[in-house]
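Chains as they are written, first to last, in my numbering: chain A, 1 to 376; chain B, 1 to 376; chain C, 1 to 376; chain D, 1 to 376.
In short, the hints are calculated from the structure, not lab data. Fair warning: there could be bad hints in the mix.
Note: identical chains are not told apart, hence a pair may lie in one copy or across any two.
[Said to hold, decoys possible] Okay, derived cross-link-like pairs now, DSBU-like style, lysine-lysine, Cα gap no bigger than 35 Å in a straight line:
#1 K5 - K372
#2 K343 - K274
#3 K126 - K202
#4 K329 - K220
#5 K125 - K5
#6 K343 - K99
#7 K181 - K198
#8 K125 - K329
Each chain, written out:
4 protein chains.
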Amino acid sequence: MASSKSKNILERLDAGELIIGDGSYIFTLERRGYVKCGHMTPEASVEYPEAVEALAVEYARAGADITQTFTFYSRDIGTPEDVNLTCREINQASCDIAKKVAKKYDTIVAGGIVYTAVFKQTRNKKDVQDELREGLEVLIENDVDLIIVEYFRNIIEMEWALELALSYGKPVAATMCIGPKGDQDGVSAAECGVRMAKAGAKIVGVNCLFDPFITLETVKIMKDGLKAAGLNPYLMCQPLGYRTPDGGSYGWIELPEYPYAVEPRTVTRFEVAKFAREAYDLGVRVIGGCCGMESVHIRAIAEELAEEHGRLPEASRKSDLDLSVLGRKANLGRREYLGKGTKDFWWNLVPATGRPLSASLHRQENPQTVSKSVLN
Amino acid sequence: MASSKSKNILERLDAGELIIGDGSYIFTLERRGYVKCGHMTPEASVEYPEAVEALAVEYARAGADITQTFTFYSRDIGTPEDVNLTCREINQASCDIAKKVAKKYDTIVAGGIVYTAVFKQTRNKKDVQDELREGLEVLIENDVDLIIVEYFRNIIEMEWALELALSYGKPVAATMCIGPKGDQDGVSAAECGVRMAKAGAKIVGVNCLFDPFITLETVKIMKDGLKAAGLNPYLMCQPLGYRTPDGGSYGWIELPEYPYAVEPRTVTRFEVAKFAREAYDLGVRVIGGCCGMESVHIRAIAEELAEEHGRLPEASRKSDLDLSVLGRKANLGRREYLGKGTKDFWWNLVPATGRPLSASLHRQENPQTVSKSVLN
Amino acid sequence: MASSKSKNILERLDAGELIIGDGSYIFTLERRGYVKCGHMTPEASVEYPEAVEALAVEYARAGADITQTFTFYSRDIGTPEDVNLTCREINQASCDIAKKVAKKYDTIVAGGIVYTAVFKQTRNKKDVQDELREGLEVLIENDVDLIIVEYFRNIIEMEWALELALSYGKPVAATMCIGPKGDQDGVSAAECGVRMAKAGAKIVGVNCLFDPFITLETVKIMKDGLKAAGLNPYLMCQPLGYRTPDGGSYGWIELPEYPYAVEPRTVTRFEVAKFAREAYDLGVRVIGGCCGMESVHIRAIAEELAEEHGRLPEASRKSDLDLSVLGRKANLGRREYLGKGTKDFWWNLVPATGRPLSASLHRQENPQTVSKSVLN
Amino acid sequence: MASSKSKNILERLDAGELIIGDGSYIFTLERRGYVKCGHMTPEASVEYPEAVEALAVEYARAGADITQTFTFYSRDIGTPEDVNLTCREINQASCDIAKKVAKKYDTIVAGGIVYTAVFKQTRNKKDVQDELREGLEVLIENDVDLIIVEYFRNIIEMEWALELALSYGKPVAATMCIGPKGDQDGVSAAECGVRMAKAGAKIVGVNCLFDPFITLETVKIMKDGLKAAGLNPYLMCQPLGYRTPDGGSYGWIELPEYPYAVEPRTVTRFEVAKFAREAYDLGVRVIGGCCGMESVHIRAIAEELAEEHGRLPEASRKSDLDLSVLGRKANLGRREYLGKGTKDFWWNLVPATGRPLSASLHRQENPQTVSKSVLN
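For reference, chain A alone in the conformation it holds in the complex (with noise of 0.2 Å):
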């Protein structure tokens, strides 16, 4: 694998170059048992480095361009009791895994900074920029090619982050984790898409919280805001991986099964598939995804976008790319394989759940796609 890529994205995204994001790393190391439930706190690069650089490069193979650090997603929360660690410990061993995952895929190292607590206490902009700078230090330390300032729920505070991150000359991408409907103090998300380009943002856009297909309109709905500003900065999204068309205002994280009961919310390939095709055409260049995005839908992203990605991801080897190897057991006359040869089976498949006992949605005190009285 040639390592002639730049590791500018915007360079990249400038020259008309999709780019592919990584995918879930807190969720999927919880289910493989090196996160702790609750916590979602990321000790494991000191701890269990393979198990984290194994996901890392599943990424990788999948077709991810960008290797994120697997950082503190905030200083708030503490570690488990029995962990002694620092942050910078932490923080440093996970900027390690990512450089050497990134040197060997030749991906772009990406840092991330998200929300402070602070900020709900006492809305102060230094308060806030104190605590973020602290996250940032690190991640400038080791030279990281990108900063990504995400899962804000304030576009106030991600105003005030991008003004910090921005300050390190770095390629700054900024994504909010909100709904269709907007920030957390109502601003709309194309007001929040447009005071992200206005503070220097060329990369903007939503992650987590929402499903691939509401994340999409929230992006559609920035993507007009912005159109009618005048601006056009790069569009980026990075959603769930798991269904949530009863995400409240804060998506899923207020659905009863979080976070232990999601897997039948999970998505299918296929479905991620058309969630890519669909964004590339709404004009989104970078595509990732956040937590319950594992490696198989990563995958899927790079495979139906191979053609404007320019490649096929290493994985592919072992993906059934054309469906061929099925079609060939349905030509078998192999009764449970017949149709599942070809394409148009798998998009056109809704799966069904295997749960008589199940309700498709939940209740929810402020929904975000769907009408109350839908919900009533």
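Dock chains B, C and D against chain A, hints included.
Chains B, C and D alone, transformed into the frame defined by chain A:
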């Protein structure tokens, strides 16, 4: 971790121990990009040994007492065309990995053999045993601790396989892949159980094809048959990690969602805990998983039965075992965690599917657990 | 309308005729405001005779060959407190209405008797027959054409009832209200069928409690039992107009939705047409309905089996029998009617429920057609 | 029953009265065999007047203050070919029936006019008013108490209709058949409300096409618009008796189940009671039903709002109003009635559908209350 446990499963069962099996290899590694969709062959043991080992480690950490070799499940299925490895090379590499992990985690090494294609063609005992012998040889050479004669769909072929497997003097477990309505020739599950025991298997049961609860139903029928026959072998089950109430006579294989859209059917950790409790109460003493049963599920079994098992798994270090982490969040008044700190909440939760376009079930020609009239 | 048909159901069955029964009285009149919820007693025959007659007329127009008297279904259930009518007064009024409608529409007048409360208390034959005699007297005095011994849950009580009913020399039909798993004492449906026939019933079958398709399943078991015993009575069924795959041993009565929230389970006219075809193909020759089976459903039976029945019902004048009316709308290019002019469209349509908060099934202690494992 | 109530709806509303409308004629009589599927024309008023009268009586007994004439809903739709009646003959017979029932039950006679086909063709005011005049004439000749200008899909046509209807000096109510997203020309529901009020309608609102809760959502938007415009007409709504969360811009008409397989969507009496309460709380003072809203539902409205309405309906005599009848059965230890004697049980019950093959929703091009992303 003291390496003092007996590797003889029968001795441990005789001593009253509960033995926990490991989980899914093929389907889990397929999702991780290391097994080719459609082929489902284990060349990854040679090609990506660290990925196979990482998964085996996950299961051991999750509480599995058994590490199963990731050997060929059938000679008949060819590897992908770009793979130039012999069956023996692959199986040897698989044994190497299993033995390495077993040494570190003090687990029992188990090797499996499965139904043959030649059985359907000739129904000839010699042909079947000749083919199975090939698969057994490498296991014997590697001195595995346990032979699992599994995934047989006809009791007559199982009897031939057992005759052969028992001839090596190793402990042997026997599991049919059948539903409550019995084997492919119409032999009842009860008679299958009796005949496996009479053929000399000290451990008998069911694996794959159906969901945990349906599998227990089949085991229950076996148990009743064994009791009526005055037989008392140990019971074992290793079900799917997917809900399949609408499975046909060939289980989930007949579902439209197989193999690429089964995600909505994925079991939750709490469903698996219920299954583990019911299995134990039914008298099952070897409890593991098959396709789709991942390490989070094996840990759920090991945690639910921690007292019976005599220990907590290593991975419980990263589990909110008593839900106190979630409970603290609820106590801080965070609305989205209300109630989630109690076991009752999770055991009583029927998860919504997030899929308003999806039905619960599919039509089936030969449903196993639902009347045809229900699917009219 | 020529009044020339025989009133003797057995003569007509012997001549190869298909006989169509009528539908729901109690539940339909409850919804119309004439029967008291909970009590479910027939005082409306005295209080609102025109409403009862209007319903009987609906069934006759829909193709029913039978007009059943809206008589007391059991002496034990008291009328509402504000009703000062004797059982005899009510039943006489009911017979008057049925006879009036039967005269106009040339239908067979049928009177029914059902299980007694005293059976449970004493299990004494004389007690049971004494009570049933009272109900039968008014029917005999009114010279009904057919006695239906229906809604019995124990075959032993049914045998006592049949002995009595047959003593009057009238044609007698016998239908148990049981599911596929048999009567309340655990007697199989097959044995129930045989014992009804041996007790002298020339028409045997199943009514109420379960949905059309489940009821056919029970009838099929009866038929197989009768065949094995060398018996060949006519088969009859009058199922619910609600889908009840999750019915317990007491059918829909055990469902949480009973009696006030069963609407989502209501069968469509096309489901009923399918049922009618399957029933006829199974050999059932008296096909009608019980609770929830309204005139639109009876018409669907009569239209589906028009050829076998030898006529179209009067109400078909108002039916888009060949779907040509809908077809013309489709041909005018109205998008919302596309395809709706074909029978295939409606027979293949699996209707959505419009209820994203609703599950398909409820948990049940003793499910009749679904394994308990499905409801786990 | 004292015949002393004013027939002037506005006087009664001004006096603070709640007015309850009646329910479904066309769809209910179709199910009873008196209206031809597809045509949906009211010739039954001549052909089967007793059936039409019986239904009008049901509504009056259920608590309706209004008896609507079963007149032609549009001149454009031809009667079935075997009907040789003029529009005037049919409408006169319909008025005769309504007036007869109104006299007996002391109800307000209301006649309606609906959208014209000519509007689509010419969008010419004179053409539209000429056609509507014909429909209005017979109502005026019969001196109806109230004109309902209903089922209009374009506010401009509604304005023309109102101008004409108001010219006769009768009380006029105006209801659009639109969803939350507004009329067919894209005019918002808020503006529709304002324009109806400005056109002179003292009662404005929504009827048909959508389910009760979605209809309230539309009414809420109208109310907010009216408030912003400083207008304060009385609010009215007459929704479907079917749940249609997946309705398109043309409501349930666009659903595959329309018109022959909508049964699973039928509302329960407790859903209607919730709707009635929400409607009243929203300020709606004329509450009735449209297609599928049967007398059991109208009674549910009248019982839920008995205090506000000042009386219980006559049909409540046959209602287990306080659930004490069911409660007594529960108290006798009958397991299947446990809890059913309490209002909480029924208000909290989310009914299962009994339909494991059915999805909750259908895909729609222009969903009104669910994001397209939900239906992806």
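Checklist line | Intra- versus inter-subunit Cα pairing at 35 Å for K343 with K99 | finding: neither (37 Å within a copy, 41 Å between copies)
Next item on the list: Classify it for me, K125 with K5: is the Cα-Cα distance of at most 35 Å met within a copy, between copies, both or neither?
Entry: neither (37 Å within a copy, 59 Å between copies)
Margin query: One pair to classify: K343 and K274, alpha carbons no more than 35 Å apart. Within, between, both, or neither?
Written below: both (12 Å within a copy, 33 Å between copies)
Next item on the list: Evaluate K329 and K220 at a C-alpha cut-off of 35 Å and name the case that applies: within, between, both or neither.
Entry: between (41 Å within a copy, 34 Å between copies)
Next item on the list: With 35 Å as the alpha-carbon cut-off, assign the pair K5 and K372 to within, between, both or neither.
Entry: Neither, since 49 Å and 38 Å both go past 35 Å.
Notebook entry, point to check: How would you label the pair K125, K329 (within, between, both, or neither) given a Cα cut-off of 35 Å?
Noted result: between (62 Å within a copy, 26 Å between copies)
Next item on the list: Since the copies are identical, ignore which copy is meant and state whether K181 and K198 lie within 35 Å (CA to CA) inside a copy, between copies, both or neither.
Entry: Cα proximity of K181 and K198: in one copy and across copies (20 Å, 32 Å).
Item checked: Homomeric proximity label, K126 with K202: Cα distance no greater than 35 Å -> The answer is within: 24 Å in one copy meets 35 Å, while 57 Å across copies does not.
The structure does not agree with the numbered hints 1, 5, 6 stated previously, though it agrees with the rest.
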